[in-house]
Amino acid sequence: MSRSVHVGLTLGEEGGPHHQQAESDLFGFWVFLMSDALVFALMFATYGAMLVGTAGGPGPRDLFELKPTLIETALLLASSFTWGMASISLKYGDGKPGLLAWMGTTLLLGMCFLFMEANDFATMFAKGAFPARSGFLSAFFGLVPLHGLHVLAGCIWILVMAVQVILIGTDDRTKTNLLRLGLFWHFLDVIWIAVFSVVFLGGLTR
Amino acid sequence: MSGAVLPAVLGRFEWIDLPFVRAWENPTISEIIGAGAGALVVVGALAVAGLLTITGRWRWLWTEWLTSLDHKKIGIMYVVLAFVMLSRALIEAVLMRMQQAIAIGHPGFLTNDHFAQLFSTHGSIMIFFMAMPFLTGLMNYVVPLQIGARDVAFPWANSIGLALTAAGAGLMMASLVIGQFSTGGWSGYPPYTGLAFSPDVGPDYWIWAVSIGSLGSTIAGINIACTIYKLRCPGMTFMRLPMFCWTSLCTSILMIFAMPPLTVATALLALDRYLGFHFFTNDLGGNVMNFANLFWLFGHPEVYIVILPAFGVYSEVVSTFSTKLLYGYTSLVIATMTIAVLSFTVWVHHFFTMGQSANINAAFGIATMAIGVPTGVKIYDWIWTMFRGEVRFTVPMLYSLAFMTTFVIGGVTGIVLAIPPLDYVFHNTLFLVAHFHNMLIPGTLYGMLAAYNYWFPKAFGFRLDERWGRRAFTCWVVGFYLAFMPLYVLGASGMARRTAEIFEPDFRPWLYVACGGAFILLAALGSLSVQLWVSVRDRDETRVTAGDPWDGRTLEWSTAAPPPEYNFAVLPTVTRRDEFYEGKRDGNPYSPPVRYDRIEVPRGSILGPAIGLAAMSCGFGLVWHMWWLAGLGLTGAAAAIIARSFVRRTDRIISPGEIEAIERRWLTAVHEHRPISRELERTRANHGVAEAMPT
Amino acid sequence: MLLPVLPSLLGGCAALNHGFMAAAGPVAAQQRELFFIVAAVLAFVIGPVLMLVPVIAWHYRIANKEDAYRPNWNFSWTLEGFIWIPPALIVIGLATLLWVYTKRLDPYRPLPGADPLEVQVIASDWKWLFVYPSSGIASIDRLTIPVGRPVRLTITSTTVMQSLMIPRLTGQIYAMAGMRTHLNLEASLPGVFPGANMQYNGNGFPRQSFAVVAVDPARFQHWMTGSARTAPKFGPSVRSLLAGRARVTTAPIYSHVPVGFFASVIAANGGVGHEAANGSGR
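Chains as they are written, first to last, in this note's numbering: chain A, 1 to 206; chain B, 1001 to 1695; chain C, 2001 to 2282.
Calculated directly from the structure, the hints in this document are not laboratory data.
For every residue, glycine included, the Cβ atom is placed at its ideal position computed from N, Cα and C.
Among these hints, one or two may not hold up.
[To be verified] Short derived list, chain A residues pointing at chain B, Cβ under 8 Å:
#: 1; residue: F27
#: 2; residue: V31
#: 3; residue: L33
#: 4; residue: M34
#: 5; residue: T46
#: 6; residue: M50
#: 7; residue: G84
#: 8; residue: A101
#: 9; residue: T105
#: 10; residue: L108
#: 11; residue: A132
#: 12; residue: S138
[Claimed, not checked] Once the Cα atoms are required to be at most 30 Å apart in a straight line, the calculated DSSO-like pairs of lysine-lysine come out as:
#: 13; chain 1: A; residue 1: K175; chain 2: A; residue 2: K96
#: 14; chain 1: B; residue 1: K1230; chain 2: A; residue 2: K127
#: 15; chain 1: A; residue 1: K127; chain 2: A; residue 2: K175
#: 16; chain 1: A; residue 1: K67; chain 2: A; residue 2: K175
#: 17; chain 1: A; residue 1: K91; chain 2: B; residue 2: K1230
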């Protein structure tokens, strides 16, 4: 039987059955994230293989702009910070209002990210850069919106968790769910760093 | 009759999409067979519904099975699904063999298109809806019992995995009744399966059935891996795990890392087909070679996913029925892990002929051959397990022996194929088909059938009929040799796979033998059905309630047959490998505990069936462009998950009094029956209590 | 187990005459030689297993009271050595063989001999067009080649992925739209050798075969110059014939194929003229 304790668990008495269950749940979620990471890795590989497939259409230099991308990165990084604050609030039992405030801020930052990204895509479409234009654009729109869809799922999850915190409070199941959501959110931040570096910075400096 | 019928509601459905309409308008044998198959699905579904209604069993089915989160029930349902799909895919194989025997300088009785759908459904079903569910069901049933746990790590996810697999299988069955299936084979290479060349619903059925099924497999993999990592009972260190658990662990890890490439491949193809993307199109910068790479990054580990659990079964069976310790436990562990790791390094050998440089081909060829070493180690370890043992020729052992001899033939033909210049000759010929069936049938199928005969008494409390078991075994072995050995010769003669018509009369004798073999394999399936029927009929004579019919070594044999819902009244503590076996020899493993505590078990949940229905609706809607249905399905699945997260009371308590009553009943059965020697294990004297063999 | 052998006794061995066992060129001959070497080595791999399994299982059967029973014996270092080392050595040996032969029999590697005949192959649904750029002739479903002279095929497809195979002369290679692959071969004796598509591509797949006709060099030269003079001109009707999804039942020959036709086919199907190679850049 495993004796290791997952850092950050605050589910009552250490080593009790619910603590063990939570450890199991969190471990399972990590494993799921690894499989998701593989999906992203393959999308990155596909993107790399299809950089040459511009078929006479617009390429990275024509389309990517650094300023909105930097702002989007800042938004996501900030949202990871605010979720960290939410986790601390959960750990020290600050009470629902504090927890909900940090969760709400994270949600807001996530929505801003999505809004900006949607705007970026609209701009690209206006320039004739839509996925059906070329293989390169298909690969771009396969990878980046995949991350965006994950963020959208995360935002819905934050909303659902907020409702649970309000209606049910922070019992063991809610806490475990919040910890998993945290893992998911930070994971998406890491994926965005890769997207930013490989796709946007890489594309602009080729 | 063509033209869309109510496109807003029914998408791109037209009357001509019904096989009954097609057969009416064009009554050829090919169309009538298609209509017959569709009719069988409808009649079969109605028959099952009718039976449930007449016997008043709907509530029972719902509460005892479909909503159950018990790993044992879920495991059994997976295996039942596998057997149903095995029947369909085997009949499809017989039809193909018949076509090839008849269509020599003659059009045969199946159109090219029908034949192409048959080989596509046959492959897709056998891999995704027969082998995967069978081994997943097996791992689900056995692993928690073997590690001394009460259930898997995530029972709710277990139910979802089953539901998704069933949803994928449902889509396969739907393609028989409405529309048609893909003609691109189980590997579905674009651009043939792209919009430009196959705009019909076929490839879409393939995409969604396989994608939904693969999601189920990923979930199952995560579940089993976490179960083995986190839920082992006290004292069960990794090196005390039964060999079946080691192979299950490696299989699960493979599932977690190999299913995502498939999901990506089919998802990108879907984006091409639905939204006009250019991942795999010929024009505008598409890259068809990328599909081959993505698919086989999944495809090669997949074949190890289907074989490793069988290897685990053979380890258990050979050791038990040689009445001896498994030889070379540590070597077997190292060999299993080596195979798992190496399986990710060889995928290019599935397309040596795609134009890579000699260096790349050679490197992957050498990696492929390297896997032969740990596999050979396993075979020899099983041989040396029998050495100086006392070998009992029960049905599971017979399958193991047939496996050891037949599988090596497939293994060496694999080494032949691993050599690129030889692969250039044999790729996509019947030699390749013979090779992989030579691995899958003696390897995976015999392993699953051995497991079925071995663990059936544990799951249901009575043994399977030996006589019909042997008849089935004989048919499987003879049928396999006759059906597939000729294919090696035909492949060496240059005959292509997936071909509905043959123009070379010299191929005739071999195709006739192969067809004969196929009929014998059909008889094998029939024998299995008879075996089950006879076993159920005679179950009072073969009851093994005490739970240990084979003098088993591992923990699952230390429970009643069938085990109670909670598996163990008190979680066992383990101090060595084969704790139960050693315990029978130096102690009393059947002594009741000092006291009974309450046990929490998962409550049943509607989550699984809801997600299964939602997934199948979503898939079906996407196939037919019924966007409202697809949206409804997707929303339904999301809603089910969100709703589940609000449920607080997910477990129910079994009281100590209840447990004590169950355990007492079982221990009474143990003590009232005489322990029997191994010579009597196939007789009526076997009530599930074993006597130690004198050394 | 006599049953699978029966067909060969009844003359089924004739089937093998259609494949690489009846090699008619140096490439197939080397492949056959390699196969026999490998088969001989592999006999030593399966031999022990096929002997040990029945012998040990039968000797140690429970009904046999004369055998030793050691229920806890489960390891021996000597045996481990035999289990791991000889198979590893065999694999290393075969790996060396593999490396050498893979480089030697690389489909892209030109065969020894001067002045290879260049033929361009365009696979479509469901026929093969063979173009001889040196003389501007093209034939459908028939590849005429001179005996004893290396032939270099450059292959592409106008539709889906296909696979060109001539079992008695060489192996196979995929044909993919917008890309070019190569296959080098040579016929050592005159005759008609079957060729086929090995990658399923629709209803016409079983019938998408072609004939490789090997004739002596003088006759070949005569045929080529004669066709270039008298065969009907390659025109728009041929292009539409190629584009249509149907078989061609005759084996027509055309002359005056435009220079650069093959390259234009590749460009028209999405290619930029790059070689089909997964990053090997050749």
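Hints and how they fare:
Interface restraint check: F27/A against chain B, minimum CB-CB distance 6 Å, threshold 8 Å, status holds. With 8 Å as the threshold, the beta carbon of V31/A comes within range of chain B, its nearest partner Cβ sitting at about 5 Å, so the hint holds. Contact between L33/A and chain B, as hinted, is not supported at the beta carbon level, the nearest pair being about 10 Å apart and thus beyond 8 Å. At about 7 Å, the closest approach between the beta carbon of M34/A and any beta carbon in chain B falls short of 8 Å, and the interface hint on this residue holds.
The beta carbon of T46/A comes within 6 Å of a beta carbon in chain B, closer than 8 Å, and the hint placing it at the interface holds. Checking M50/A against chain B by beta carbon gives a least distance of about 6 Å; that is within 8 Å, so the hint holds. Look at G84/A: its Cβ only gets to about 23 Å from chain B, farther than 8 Å, so that hint breaks. For the restraint placing A101/A at the interface with chain B, the shortest Cβ-Cβ distance is roughly 22 Å, beyond the 8 Å limit, so the hint is violated.
Interface hint status for T105/A: violated, as the beta-carbon distance to the closest one in chain B is roughly 22 Å, over 8 Å. Interface hint status for L108/A: violated, as the beta-carbon distance to the closest one in chain B is roughly 21 Å, over 8 Å. Taking 8 Å as the C-beta contact cut-off toward chain B, the hint placing A132/A at the interface holds, the least distance being around 4 Å. At about 4 Å, the closest approach between the beta carbon of S138/A and any beta carbon in chain B falls short of 8 Å, and the interface hint on this residue holds.
Of the pairs offered as hints, the one joining K175/A and K96/A holds, with about 12 Å between alpha carbons and a cut-off of 30 Å not exceeded. Taken as a hint, the K1230/B and K127/A pair is broken in the structure, with Cα atoms around 53 Å apart against an allowance of 30 Å. The suggested pairing of K127/A with K175/A is violated, with an alpha-carbon distance near 46 Å, which exceeds 30 Å. With a C-alpha separation of about 37 Å, the suggested pair K67/A and K175/A falls outside the 30 Å cut-off, and the hint is violated.
Annotation: proposed proximity of K91/A to K1230/B holds, straight-line Cα distance about 24 Å (limit 30 Å).
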